[in-house]
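Visitor: Starting from the given sequences, assemble the full structure and let the hints guide the process.
Listed below are the residues making up each chain.
2 protein chains.
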Amino acid sequence: MPSLIERYNDPIHEARARLEGYLPPTPLASSRFLSARAGREVWLKLETQQPTGSFKARPALNGMLAYHEQARAAGVVTSSSGNFAQAVAYAASELGVDARIVMMEEASAFKRERTESFGGRVVLCANTFAARWETTLRIRQESGRLLLHPYDSVETIAGDGTLGLELLAQLPGAFTVLAPISGGGLIAGIALAVKAARPECRIVGVQAQANPSMQRSLEQGKRIASASAPAESLADALSVAVPGESTFQVAQELVDRVVLVSEEEIARAVRLLALEQKLVVEPGGAVAAAALLAGAAPPDGSPVVCVLSGGNVHPAVLSSILGDR
Amino acid sequence: MPSLIERYNDPIHEARARLEGYLPPTPLASSRFLSARAGREVWLKLETQQPTGSFKARPALNGMLAYHEQARAAGVVTSSSGNFAQAVAYAASELGVDARIVMMEEASAFKRERTESFGGRVVLCANTFAARWETTLRIRQESGRLLLHPYDSVETIAGDGTLGLELLAQLPGAFTVLAPISGGGLIAGIALAVKAARPECRIVGVQAQANPSMQRSLEQGKRIASASAPAESLADALSVAVPGESTFQVAQELVDRVVLVSEEEIARAVRLLALEQKLVVEPGGAVAAAALLAGAAPPDGSPVVCVLSGGNVHPAVLSSILGDR
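First to last, the protein sequences are chains A and B. According to our numbering, the stretch in the first sequence is residues 1 to 325, in order. According to our numbering, the stretch in the second sequence is residues 1001 to 1325, in order.
In case anyone wonders, no lab produced these hints; they're calculated from the structure. Fair warning: there could be bad hints in the mix.
[Stated by the list, open to error] Which chain A residues stay away from chain B? Per the calculated CB distances, all over 10 Å, these:
id: 1; residue: Arg32
id: 2; residue: Gln49
id: 3; residue: Thr128
id: 4; residue: Pro199
id: 5; residue: Leu279
id: 6; residue: Pro315
id: 7; residue: Ala316
id: 8; residue: Gly323
[To be verified] So the derived label-pair ranges between C-beta atoms look like this:
id: 9; chain 1: A; residue 1: Gly96; chain 2: B; residue 2: Gly1295; range: 46 to 54 Å
id: 10; chain 1: A; residue 1: Glu116; chain 2: B; residue 2: Trp1133; range: 50 to 58 Å
id: 11; chain 1: B; residue 1: Ala1130; chain 2: A; residue 2: Gly21; range: 36 to 44 Å
id: 12; chain 1: B; residue 1: Glu1041; chain 2: A; residue 2: Ala169; range: 33 to 41 Å
id: 13; chain 1: B; residue 1: Glu1232; chain 2: A; residue 2: Leu147; range: 29 to 37 Å
id: 14; chain 1: B; residue 1: Ala1126; chain 2: A; residue 2: Ala169; range: 46 to 54 Å
id: 15; chain 1: B; residue 1: Glu1264; chain 2: A; residue 2: Pro199; range: 50 to 58 Å
id: 16; chain 1: B; residue 1: Glu1134; chain 2: A; residue 2: Glu264; range: 43 to 51 Å
id: 17; chain 1: B; residue 1: Ser1320; chain 2: A; residue 2: Ser117; range: 18 to 26 Å
id: 18; chain 1: B; residue 1: Glu1264; chain 2: A; residue 2: Gln220; range: 51 to 59 Å
id: 19; chain 1: B; residue 1: His1013; chain 2: A; residue 2: Pro24; range: 22 to 30 Å
id: 20; chain 1: A; residue 1: Ser117; chain 2: B; residue 2: Ala1174; range: 26 to 34 Å
id: 21; chain 1: A; residue 1: Glu200; chain 2: B; residue 2: Tyr1022; range: 22 to 30 Å
[Claimed, not checked] Among chain A residues calculated to face chain B with C-beta under 7 Å, some are:
id: 22; residue: Pro27
id: 23; residue: Thr48
id: 24; residue: Gly53
id: 25; residue: Arg140
id: 26; residue: Gln141
id: 27; residue: Ala274
id: 28; residue: Val280
Keep in mind that this is a model prediction, so the values were computed, not measured. For each residue, glycine too, the CB sits at the ideal point set by N, CA and C.
Guide: Have a look at this one:
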């Protein structure tokens, strides 16, 4: 049986070819302040510069392009806490596809407004993971729409993997990637792409203490559902019911470590990234920097990449974090 | 007599060679939201990603490296509204040089704190351009320090010119650059570098209505002092007594146009850059985007680069701009 890396090799390279005309590689910026604090070269992968302000443009476009005929004929449906929602709305409008996006009533109003501003039709549901998934499946069944899974499909993971290919082109040698984990699509894609070319690179996942689904699942060797509804956390982008099946399998094999960060560490990272690095990063997108500031880098002093996965933070939340000392 | 472009050609390329080990090229990010609003390709040159959060790291390092022996032996002195101050403090600490930086008592406290955090010694003076310049010259005379001019010297303009060389490497073909003007060093450096290689490119300068020194000077064909003290403006980085002699000469010859933006337009650009582009840009660094949003791009639909020259905005100011609708 081919290894995971072998199985995903073609899908990741196909994804890169599909996305080429749509998404230029995002910048990799060097960070003086984080390098000084971490005592090593620190690079920031600016997924905040994607068209919808998060890495989700990659998997949304890849999924829709991979099944373009079905998507155009029947439309697409997905469920999201907000960043995949915006990305699907954006991709749908780029490709002339009709999109329904299921979000919980209590999901970020900011992300909902932005999703609608990209032309997406939002369908609201009750505030549990089960209700969201049932609504999504019902819409698919009634309408024959293409279901775009936010993290657990080959196309999603392969779309996320294009980020890993960009890192390989942007940085020589061995490095450690710190990246957020929600359902696990992003970290799986990066791990598959990076370790295929440079097995000496390390992949460290980061979750909020409030939502440690992947960390607990890896600890116990099986997928653990952490809660029925999103946990109270600044990092709304990282709320998830349970790790994906495929993403959990990839994480078991290829993710070196998962670390947790507190709400206070997350807020501090958002604040420092804005004031020192001049970047607007949402709490869920800042956990990699939070982990680095909390000492999560490997002891050998090798270069680190923090993936800043998204920047869709409500202005009032950002204002309040900027006001804290 | 050689043309201005010929005279600056070697200094700009020497500057690039000097800076190479210190400052990697800053990212050029594509902007979906500005492209949509301006109906053309819009690129953002992220000088906010320089080590001190503004383009000033280029001229500070270039000046100090060009006269490194004198700088190490006697130290340096300069005057600044705050961004050159931070950059000189940073460059001095990188190169083991002692720095005195003259700032007005009412200059941005945020920038003063940051200058000191980079290891710079700040000397305060009264709140007029004359007092600042006299204090600077007195310190030079008493101490024999190397004077680093914030905008009007060959090394400063050549250091700024390295930004233009990066644009030529990052973008093919003809484009229009929109860049802020304070003393004029940045726009002069960019114009000299870009037009040397591609005379078909256009260079548009942007100033705050509150501080239209270069625009008025160009209109009247001679350097006009606009005020004795900094004007009330969000764009503190753009306050200046009078355009430089050399920078005025370059602007007369190579800058296609200078446009003015209102305080409201500046605040709106800062807000939109944070919420839509996920970038923290200070008011003075956002005037190019403000001008673009106000319709300053050339009518032919050619690609535009907005230089986002700095991001050193006080968190309280940013919070307040984010709170506005």
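Visitor: Would you mind marking each hint as holding or not holding in the structure?
Guide: Structure-based check of all given hints:
no.	hint	verdict
1	Arg32	violated (4 Å)
2	Gln49	violated (5 Å)
3	Thr128	holds (30 Å)
4	Pro199	holds (27 Å)
5	Leu279	violated (6 Å)
6	Pro315	violated (4 Å)
7	Ala316	violated (7 Å)
8	Gly323	violated (6 Å)
9	A:Gly96 with B:Gly1295: 46 to 54 Å	violated (30 Å)
10	A:Glu116 with B:Trp1133: 50 to 58 Å	holds (54 Å)
11	B:Ala1130 with A:Gly21: 36 to 44 Å	violated (56 Å)
12	B:Glu1041 with A:Ala169: 33 to 41 Å	violated (22 Å)
13	B:Glu1232 with A:Leu147: 29 to 37 Å	violated (56 Å)
14	B:Ala1126 with A:Ala169: 46 to 54 Å	holds (53 Å)
15	B:Glu1264 with A:Pro199: 50 to 58 Å	holds (55 Å)
16	B:Glu1134 with A:Glu264: 43 to 51 Å	holds (48 Å)
17	B:Ser1320 with A:Ser117: 18 to 26 Å	holds (24 Å)
18	B:Glu1264 with A:Gln220: 51 to 59 Å	holds (56 Å)
19	B:His1013 with A:Pro24: 22 to 30 Å	holds (28 Å)
20	A:Ser117 with B:Ala1174: 26 to 34 Å	holds (32 Å)
21	A:Glu200 with B:Tyr1022: 22 to 30 Å	holds (28 Å)
22	Pro27	holds (3 Å)
23	Thr48	holds (4 Å)
24	Gly53	holds (5 Å)
25	Arg140	violated (29 Å)
26	Gln141	violated (34 Å)
27	Ala274	holds (5 Å)
28	Val280	holds (4 Å)
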